[in-house]
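Could you put the whole structure together from the sequences, leaning on the hints where they help?
As they're listed, the protein sequences go chains A and B. Heads up: the first sequence begins at 1 in the numbering used here, then just goes up one per residue. Heads up: the second sequence begins at 1 in the numbering used here, then just goes up one per residue.
Incorrect hints may have been included.
Unchecked claim - Derived Cβ-Cβ restraints for the label pairs, each shown as a range:
1) Arg23(A) to His506(B): 47 to 57 Å
2) Gly342(B) to Ala130(A): 15 to 25 Å
3) Glu62(A) to Phe11(B): 52 to 62 Å
4) Met92(A) to Asp418(B): 56 to 66 Å
5) Phe516(B) to Met92(A): 30 to 40 Å
6) Met100(A) to Asp418(B): 40 to 50 Å
7) Lys2(A) to Glu384(B): 30 to 40 Å
8) Phe516(B) to Ala11(A): 29 to 39 Å
Stated by the list, open to error - A few chain B residues that don't get close to chain A, going by computed Cβ distances all over 12 Å:
9) Gly74
10) Asp112
11) Ser119
12) Asp154
13) Ala172
14) Pro246
15) His345
16) Pro350
17) Arg510
Said to hold, decoys possible - With the Cβ distance kept under 8 Å, some of the chain A side facing chain B (calculated, not the full set):
18) Lys18
19) Arg19
20) Lys22
21) Lys102
22) Pro103
23) Asp107
24) Leu108
25) Ile110
The hints are simulated quantities; they were obtained by calculation from the structure and are not laboratory data. Heads up, the beta-carbon is just placed ideally off N, CA and C, and yes, glycines get one too.
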Amino acid sequence: MKTLFVDDEKAFLEILTKRLEKRGLSPSAVYGGEEALNFLAENTKTDVVVLDVKMPGMDGLETLTEIKRQFPLVEVIMLTGHATVDSAIEGMKLGAFDYMMKPCDLDLLIEKLEGAAARKKDHEDKIMEARLKEIAGHRV
Amino acid sequence: MLEAPADRKGFYQILTRKIGILILVVSFIPLVLTAGILCYRFHKAYSEKVRAHISELVLKHTQNIDAFLLEKLGNIRYLARQFSAGSRASADSFLASRLAELKDEYGDVFTDLGLVDESGAQFAYQGPFRLENADYSRATWFLKSKESPFYISDVFAGLRGHPHFIVAVKVASQGQTYILRSTINFTAFNSLVENIQIGKTGVAFIVNAQGEFQTHARPGTRIHITPSMVDREIFRDKSTVIIKKPDTLGNPYIYGISLFKNIDWRMVFCQDFNDALRDLWKAELLTLVVFILGCFAILFVSFTLPRNIVKLIAEADRKNEAMNRQVVESGKLATIGELAAGIAHEINNPVAIMVEEAGWMGDLLEDETQASTGTVKEFNRAIEQIKTQGRRCKDITHKLLSFARKSDATVADIRINDTIREIVSLTAQMAKYNNIAIQTTLMPELPYIRFSPAELQQVILNLINNAIDAMGKEGGTIHIHTRISPGDSRYILIDFQDNGPGIPGHYLDRIFDPFFTTKAVGKGTGLGLSICYGIIRKMGGKIEVESRVGQGTRFYIHLPVDPDNTEIKPLNNEGDRS
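Spelled out as C-alpha cells, the structure:
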C-alpha cells in the first residue's frame with residue numbers, strides 16, 4: 001500500500017511518518033497541494049492520499065478536486081484540523097473516501113487507510129475484470 | 001431594574017430643577033403680567049367711571065337745586081311786581097293772601113312773607129312767628145339785598161333762633177323802596193339734598209363759599225370742608241371737580257363739588273373712597289383669589305410634572321442601558337467566538353503534533369529493552385498522561401470551533417416537536433444510564449418555525465445534556481413541554497424542567513456567559529449555554545432561566561413562529577410521552 005500524506009505542518013507529518021513506518025507502512029510526505037499533484041504524476045502507483053483541508057496556497061478541497069480529475073482511482077482521506085464538518089462533508093461529496101479529525105488516533109487512521117486501499121484495489125480489480133471481459137468479448 | 005449610577009442621579013436632579021424652574025418662569029411671568037395689567041386697567045377704568053358717575057350726580061342735583069331756587073326766587077319776584085305800596089293793613093292782607101296762595105301751590109316751602117322798608121324795619125309780616133316790626137337794619141341779608149335787585153341769603157339762625165335762609169327781592173313803589181322777603185322752609189330744602197345717598201358712606205350737602213354747611217350734614221359725619229376746597233378758582237371752566245382727601249380720621253374720601261349758578265353755594269357729594277370702589281375691590285379680591293389658586297396650581301405642577309417626566313426619562317435610560325448591555329453582550333459573544341476560533345485553529349496543530357510525538361515516544365519505548373521495567377512503566381504513564389491531556393485540548397478546541405462556526409445556519413421550516421423527539425431518542429440511552437426519565441408534553445398542531453435544524457438540535461441537546469449532568473447519578477426527571485406562548489401567539493414556548501439541585505442565585509446572571517462553568521475542571525468548557533443563547537438570539541428568540549436551589553431548574557425558550565408558514569399541521573402522535 002503506497003500512501004501519500006499532504007500537510008503544511010512539517011513537524012506533524014514527520015512524526016506521523018515515523019510512527020506509520022514503525023507500523024510497517026511506507027508513507028511519503030509532501031507539504032502542499034501542487035507538490036502532491038506532482039508526486040502523484042510521478043508515482044502512479046500511489047493508492048491513498050491523506051489530505052489536510054487547511055493549507056496555504058492550494059487548499060485541501062481544491063487539491064482533492066484536481067486529484068479526482070487527474071487520478072480518479074486514487075482514494076483520498078480528508079484530514080481536518082478544525083471542526084468544520086462542512087468541509088469534510090464537502091470533500092466526501094467531491095469523492096473523498098472518508099474524513100478524520102486532527103489529532104487522529106493512529107490505529108483508526110491505519111484502519112481507514114486500509115479501507116481506502118481496499119476500495120481502490122476493488123475498483124482496479126473491477127476495471128481489470130471489465131477490460132478482460134472486453135478483451136475476451138473481442139476474442140469471441 | 002438597576003439603580004441609576006450616581007452621576008446620572010445628579011443629572012436627573014438638575015434636569016428636574018431645570019424643568020421645574022422653566023415651568024415656573026413661563027407660567028408665572030404671563031400670569032403676573034396678565035393679572036397685573038388687567039387689574040391696573042380695570043382699576044383705572046372703574047375709578048374713572050366712579051368719578052364720572054359722581055360728577056354726573058352732583059351736576060344733576062346742582063341743576064335741580066338751582067332750578068328750585070330760581071323758581072322760588074321767581075315766585076317772590078312775581079309777588080314783588082304785583083305789590084303796590086299802601087297801608088300796613090293792605091300790605092298785611094296782600095302778604096296773607098299771597099302766602100296762602102303759595103302754600104296752596106307749593107305746600108310748606110315758604111314759611112313766611114315779610115316786607116321790610118328802607119330803614120330795615122319789618123313793615124308787614126305774615127307767618128308763624130311774631131316778627132312784626134323786627135329790625136333787620138344790621139342783618140347781612142338786608143344790607144346785601146339793598147345793593148342788588150334780589151338776594152338769596154346763606155343759612156343762618158337769625159332772630160328766630162333756628163336755621164333758615166331768606167329770599168329777598170327789592171321792590172320800588174311810589175318812590176319808596178321795600179324789600180320783599182320770604183323764608184324758605186329749611187326742612188323742605190334740606191330733604192332735597194339729604195335724599196342723595198350712595199353706598200354706605202355717600203352723602204350730599206351744600207356749603208357756602210366759606211365751606212359752612214348750608215344743609216344738615218348727617219349726624220356723626222367727620223367731614224370737614226375747608227374754604228380752599230370750595231374756592232371758585234379750582235373750578236376754572238369746569239362745572240364739577242373731583243377731589244380726593246382724607247377725613248379727620250385719615251380715611252380717604254372722594255369729593256364731588258359743583259357750583260350753583262344763582263347763588264354762591266357749592267353742592268358737595270362725598271363718599272369714602274373705598275366704599276365708592278367697593279365693587280372694584282370685590283372684583284379685585286376675586287381676581288386675587290383666582291391668582292393665588294393659580295399660583296398654587298403652578299407650584300404643584302412645577303414640582304410634580306418634572307419629577308414624573310424625569311422618572312420616565314430615567315426609565316427610558318435604564319431600558320436603553322439594559323439594551324446596550326445586551327448588544328454589548330452579544331457583541332462580546334461574537335468577538336469571543338472569533339477569538340476562540342482563531343486560537344483553536346492555532347492550538348490544534350501543535351497539540352496534534354505533541355500527541356503524535358508522545359505516541360512516537362510510546363512506540364519507541366516498546367522496543368526499549370535496556371531500561372528497567374519501573375522506568376518504562378513510569379514513561380508509559382507519562383506518555384499516556386500527555387495523550388489524555390492532548391485529547392482534552394482537542395475537545396476544548398473542537399467545542400470552541402463549533403461555538404464559533406457559522407456553518408449549517410441554513411434555515412428550514414421545522415416542526416419543533418419532531419426535533420425534540422429525535423433528540424430525546426438520541427439521549428434516552430444516556431439518560432437511562434443515569435436513572436433519568438425524559439418526559440415530553442408536546443402540544444399537537446404547533447405551527448412551523450424557521451430555524452436551522454442543526455442549531456436547534458444543538459440547543460436541545462445542550463439543554464438535555466446540562467440537565468443530565470446537573471442531576472448526576474442520583475437521577476430525576478426532565479420534562480420538556482412545548483406550546484404556543486400564552487403571552488404572545490407569535491411565539492412557541494418550549495420549557496425544559498428538571499428536578500436537579502438547581503442553580504444558586506448568584507450564578508444565574510452569568511450562566512449564559514462564555515466559559516462560565518460550575519463543572520469540575522476538565523469536565524465542561526462553559527460554552528454550551530452561551531452557544532444556545534447566541535443561536536436563539538440570532539433566530540429572534542429568547543431564552544430565560546428560572547431556578548430554585550433544591551427544587552430544580554427551568555429553561556424557557558421562546559421561538560418565533562414562521563410568519564409565512566403559519567399553516568398548522570396535525571401531528572400523528574399527539575401529546576405523547578416517552
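Against the structure, the hints come out as follows:
1. Taken as a hint, the range 47 to 57 Å holds for the pair Arg23(A) and His506(B), whose Cβ atoms sit roughly 53 Å apart.
2. For Gly342(B) paired with Ala130(A), a C-beta distance near 50 Å fails the hint of 15 to 25 Å.
3. At roughly 60 Å, the beta carbons of Glu62(A) and Phe11(B) sit within the given window of 52 to 62 Å.
4. Taking 56 to 66 Å as the suggested C-beta distance range, the pair Met92(A) and Asp418(B) does not conform, at roughly 26 Å.
5. Restraint check, Phe516(B) to Met92(A): a C-beta distance of roughly 36 Å satisfies the suggested window 30 to 40 Å.
6. Look at Met100(A) against Asp418(B): about 31 Å separates their beta carbons, and that is not inside 40 to 50 Å.
7. At about 32 Å, the CB distance of Lys2(A) to Glu384(B) agrees with the hint of 30 to 40 Å.
8. The hint said 29 to 39 Å for the Cβ distance between Phe516(B) and Ala11(A), and at roughly 35 Å that hint holds.
9. For Gly74(B), the non-interface assignment is confirmed: its Cβ lies about 135 Å from the closest Cβ of chain A, beyond the 12 Å cut-off.
10. No Cβ of chain A approaches the Cβ of Asp112(B) within 12 Å, the least distance being about 143 Å, so the stated non-interface status holds.
11. Consistency note on Ser119(B): stated as away from chain A, and its beta-carbon is indeed over 12 Å from all of that chain's, at 155 Å minimum.
12. Residue placement check: Asp154(B) keeps its beta carbon more than 12 Å from all beta carbons of chain A (closest about 132 Å).
13. The beta carbon of Ala172(B) sits about 150 Å from the closest Cβ of chain A, which is more than 12 Å, so the claim that it is off the interface holds.
14. Once the 12 Å rule is applied to beta carbons, Pro246(B) is consistent with being away from chain A; the minimum gap is 108 Å.
15. The claim that His345(B) is not at the interface with chain A is violated, since a C-beta of that chain comes within 12 Å of its own (minimum 6 Å).
16. Annotated as non-interface, Pro350(B) brings its C-beta within 12 Å of a C-beta of chain A; the closest such distance is 8 Å.
17. Under the 12 Å C-beta cut-off, the non-interface status given to Arg510(B) relative to chain A holds; the minimum distance is some 26 Å.
18. This hint holds: Lys18(A) has a C-beta 6 Å from the nearest C-beta of chain B, less than the 8 Å allowed.
19. The beta carbon of Arg19(A) comes within 5 Å of a beta carbon in chain B, closer than 8 Å, and the hint placing it at the interface holds.
20. For Lys22(A), the interface hint holds, the least distance from its beta-carbon to any beta-carbon of chain B being 5 Å, beneath 8 Å.
21. Because the beta carbon of Lys102(A) sits about 4 Å from the nearest beta carbon in chain B, less than 8 Å, this interface hint is met.
22. Proximity of Pro103(A) to chain B holds as hinted, the smallest CB-CB distance being about 4 Å (cut-off 8 Å).
23. Checking Asp107(A) against chain B: minimum C-beta separation of about 10 Å lies over 8 Å; hint violated.
24. With 8 Å as the threshold, the beta carbon of Leu108(A) stays out of range of chain B, its nearest partner Cβ sitting at about 12 Å, so the hint is violated.
25. Annotation: interface hint on Ile110(A) violated; nearest CB of chain B at approximately 12 Å, more than 8 Å.
Of the numbered hints listed earlier, those contradicted by the structure are 2, 4, 6, 15, 16, 23, 24 and 25.
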